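Participant: Protein sequence lines, in the order shown, are assigned to chains A and B.
The first sequence: position 88 = 88 (the working numbering), numbered continuously.
The second sequence: position 2 = 2 (the working numbering), numbered continuously.
By construction, these hints were calculated from the structure, which means they are not laboratory data.
Please note: incorrect hints may appear among the correct ones.
What the hints assert, rightly or not - Here are the in silico distance ranges between beta carbons for each label pair:
1. 115/A - 74/B: 21 to 27 Å
2. 42/A - 138/B: 18 to 24 Å
3. 32/A - 146/B: 19 to 25 Å
4. 116/A - 22/B: 37 to 43 Å
5. 141/A - 145/B: 33 to 39 Å
Please read all numbers here as calculations on a predicted model, not as lab measurements.
Yeah, the Cβ is synthetic: ideal placement off N, Cα and C, and Gly gets one too.
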Amino acid sequence: METVAVFNEHPVQTYGILLRHHLALLEARGDDPRPQVLAQARPPLEMVICAAAWQEGEWWLKVCLPAEAVPRLQELAPAAGLRPEAPRPVSLLVLQGPHFGDRPGIAAAALAGLEQAGVEPLLLQGAVHSLMLAVEPAQAARAREGLGAYFSVPE
Amino acid sequence: MFGVRLAGLKERDFLALLQAGRAPADQAGALVRELARRGLNLYFLSLGPGLCLCLEAGRAAEARELAGQVGLDDCRLVSPVSLFTLYPLEHSLKLPAAAAAVLAGRGLDCLALGTSPAALVLLVPGRQAEAARRALARELALAPGASPARESVRVVAVTEKEGE
Numbered sequence: 001m002e003t004v005a006v007f008n009e010h011p012v013q014t015y016g017i018l019l020r021h022h023l024a025l026l027e028a029r030g031d032d033p034r035p036q037v038l039a040q041a042r043p044p045l046e047m048v049i050c051a052a053a054w055q056e057g058e059w060w061l062k063v064c065l066p067a068e069a070v071p072r073l074q075e076l077a078p079a080a081g082l083r084p085e086a087p088r089p090v091s092l093l094v095l096q097g098p099h100f101g102d103r104p105g106i107a108a109a110a111l112a113g114l115e116q117a118g119v120e121p122l123l124l125q126g127a128v129h130s131l132m133l134a135v136e137p138a139q140a141a142r143a144r145e146g147l148g149a150y151f152s153v154p155e
Numbered sequence: 001m002f003g004v005r006l007a008g009l010k011e012r013d014f015l016a017l018l019q020a021g022r023a024p025a026d027q028a029g030a031l032v033r034e035l036a037r038r039g040l041n042l043y044f045l046s047l048g049p050g051l052c053l054c055l056e057a058g059r060a061a062e063a064r065e066l067a068g069q070v071g072l073d074d075c076r077l078v079s080p081v082s083l084f085t086l087y088p089l090e091h092s093l094k095l096p097a098a099a100a101a102v103l104a105g106r107g108l109d110c111l112a113l114g115t116s117p118a119a120l121v122l123l124v125p126g127r128q129a130e131a132a133r134r135a136l137a138r139e140l141a142l143a144p145g146a147s148p149a150r151e152s153v154r155v156v157a158v159t160e161k162e163g164e
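For reference, chain A alone in the conformation it holds in the complex:
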């Protein structure tokens, strides 16, 4: 079944743009990961977003999490077969909007907004109806302003 949708929004309408501070981006890699170690952690390991993939023969994990949650993940990573790198402080912008998962051009618009603001994202992720951008904390306000040229929020 095909549904034809015509989007004619300039700027693109969102449900909202959320800006979160005091986060960190932690990357870890390993060629023999044991994810069950992370799954069985009690209490569960707190995080905001994550991504992982097999690339270049290794499992690459990227986790954006509250800064205070970093030491616990660093501590558990070796048991999970992962070598964590030094965490980076980040701020996270989250955009959610109607049909964001089904319509082309959302990520391109966000990149255009960041480029206009002179900001390079450390992580850009699009999943389901959300687009998430991790940026240097010092660039967060500028990034939000740049996104404002391409995305609108409800009054």
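Fit chain B to the given chain A structure using the hints.
Facilitator: What follows is chain B alone, placed relative to chain A:
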């Protein structure tokens, strides 16, 4: 085993995964912009420092060719792949790690995964989709009466330029 109880699991098939271990931001950005210009939707996207793009399988070759044109010569294309969306995420690593562990425990490949604020998305080879669906639903305790359900609606999105 992991204390996870899924409320929903959705599946979308006939997709492809384009991956690069390293993707400079300018090249990745150029590729994303060109894909948008051609109307290719990205069902999942993760950039930095690597690149993972999930798009419809029928246009995967076109996407790889475009990647080469912007300088991303070492892209890996996996096709077909199936995309699963699992709910709820609950702000912890438990669901992503449990899903990866379930697949690994069955000898199934989790090619890539990523989260939104509320859900987990994971990509498996198309030939393993049925086994992955069964394993995830059973071992992550998919609630009775919920999915699995295939996402059969394909939105053909058209973005008009201002003034047209």
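Participant: Does each hint hold? Answer for all of them.
Facilitator: Right, here's what the structure says about each hint:
The hint said 21 to 27 Å for the Cβ distance between residue 115/A and residue 74/B, and at roughly 24 Å that hint holds. At roughly 23 Å, the beta-carbon separation of residue 42/A and residue 138/B lies within the given 18 to 24 Å, and the hint holds. At roughly 34 Å, the beta-carbon separation of residue 32/A and residue 146/B lies outside the given 19 to 25 Å, and the hint is violated. A hinted range of 37 to 43 Å is violated for the C-beta pair residue 116/A and residue 22/B, which are about 25 Å apart.
Between residue 141/A and residue 145/B, the C-beta spacing of about 46 Å breaks the proposed range 33 to 39 Å.
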